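Undergrad: My request is simple: use the sequences and hints to build the entire structure.
Chains as they are written, first to last, in this note's numbering: chain A, 181 to 432; chain B, 2 to 335.
In short, the hints are calculated from the structure, not lab data.
Remember, predicted model here, so these are calculated numbers, not experimental data.
Each hint can be trusted.
Pairs of lysine to aspartate or glutamate residues, derived as EDC-like cross-links and limited to a Cα-Cα distance of at most 20 Å, are as follows:
#1 B:K50 to B:E34
#2 B:K50 to B:E104
#3 A:K393 to B:E257
#4 B:K50 to B:E30
#5 B:K131 to B:D186
#6 B:K209 to B:E130
#7 B:K131 to B:E23
#8 A:K356 to B:E257
#9 A:K356 to B:D270
#10 A:K281 to A:D220
#11 A:K356 to B:E247
#12 B:K225 to B:D206
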Amino acid sequence: MMEEFASESDSDYTSYWRDWFISSRGNEYFCEIDEDYLTDRFNLTGLNTEVQYYQYALDLITDVFDLDCDDDMRETIEKSARHLYGLIHARYIVTTRGLAKMPTLASVQGSSAGRIHYYQWAKPMRLIRNLSNSTVFVARMYTIPSLAHAAIDGAYFGTSFHNIMFQVYPALVPSKSAERYIPRVYGFKVHAAATLIRWQNSQRADMLRRLRKLEVESGFKEDMGGDDLDEEEDEDEELGVDGAQDAMHVVG
Amino acid sequence: MSSSSGTPESWISSFCSLLGHEYFAEVSEEFIEDDFNLTGLQTQVAMYKEALEMILDVEPEEDDEDEEEEDEEEDESIEGVERMRHGERRNHSRIASDLSVIESSAEMLYGLIHQRFICSRAGIQQMSEKYELGHFGVCPRSHCDQARTLPVGLSDIPGEETVKLFCPSCLDVYVPPNSRFQTVDGAFFGRTFGALFLLTFPEYDLTKRGADVLAGARVPEDDKEMLNGMYRCNIAPSLGRSRIYEPRIYGFRVSEVARSGPRMQWLRDKPNDLSELDEARRFAEENPESDDDDESMNLNGRSVRRLRQRRRNGAGGGGGGGSPMETNGAESEL
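TA: Structural data, given as structure tokens:
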């Protein structure tokens, strides 16, 4: 079936395989790789050892596949093609053109896969990231909600992409907030969690102090600086002596 | 009426088996029938009495006397309300639109009762069974390694937030992965349940995953060191330096100073040495002279025993009440 299109391989209308691949379910995180990029051998350096039937797979991706073969063989090549596309994809998305494409996809990719959006804490701008070479991960590292995506190899996105992306498009870096969930029982903070939170807040204050010394923008919505520790304590006091003591009782 | 407990499909069980209602526990009828448990709900729910009848599968009666004979124990709880509203109810027959209003009222009422029920002894027990069976899903954070979560609300007032999942392993809340839970009101679970659950069942070993939880993994005997009222190993086991994602570009770490650098790592941090969190002991060490006030703060560590002994007996009624409770709690857990 592909043979029919082989003759038109240079025109714009030939990305059948890639169109199909991107639009198939579970592949929403992929962007389309340019024909130019695919056909430049330099970009494919080293991949021929990674993929079985490398040449056929590449032909399939670029829609010039015209081998007569049985279904089993075709299936194998198809699988290789998907793998190869993924590997090229990892390289492509850190190029200028690839980076330009991914933000438009970002809305599809979903927001930080679960963590509550405290106000603007995470704009729908959490990007793909990968850890070791298991499945795909999203910023702050959440496994992706849909089962369909659990099958995608994280290596198809690489470990660097999202960082480069934020370096190139700093405007996309989500603004941060110190808002967080505080476990409470009948309104009283739980002691164990509260001490940990106090400790974490002191860590944050240290970081903000470091950043302020270097005059770097922290990215937090309002720069709380060193005051936030005091705020935290104020909040405790608002609860009153009774509250603090009751909170202790609850612990037992 | 009491026959409904025997029928396979009571309103409650059919409500709990609806799609998206997997997190709900089945509130026992005894709990609902106790008027005390419903205090204040009349004002929060429209058509309260009808909704309550629907939850309890009471037939909308034509004849008041008949019903009274049938279920005496039932009457104790709703008779008063029934009398009040009897006059106005007499005339109107139930039409379809009415039913749908009652249905949604009943759901709201059930949710609010549920919020109270899961904090009661029977309710939290039922929730712990659901927890062990993994009904509440797992934490999406990859470093939490599929830790079991608990359903919580961020508000006790209905209509403000949908239900969220609280991960005891990283102390954060997450949107449930399936969109069907995004129609479930968070107030039906309430803010208290998640934290209360961990305090009620401190024996659950939060470092265990998957099938181990099913097997009822408990904190091992030799690991039972207490800190701040919890077992040391159960304090946010998935947090800490080694369990924070480190962004890298071609293998090089992204600097904190970079504009896109990591700024939220504090949220997933934890001291390497947990005793740093023992604020009471540290305070006692830093201020060895201060033996007054804050008795309840001095109950964590071994080194405060000295202070405890020195504590004057009559130091404030409210503070004095704190220590026996604390001691009791600690003993019962051991």
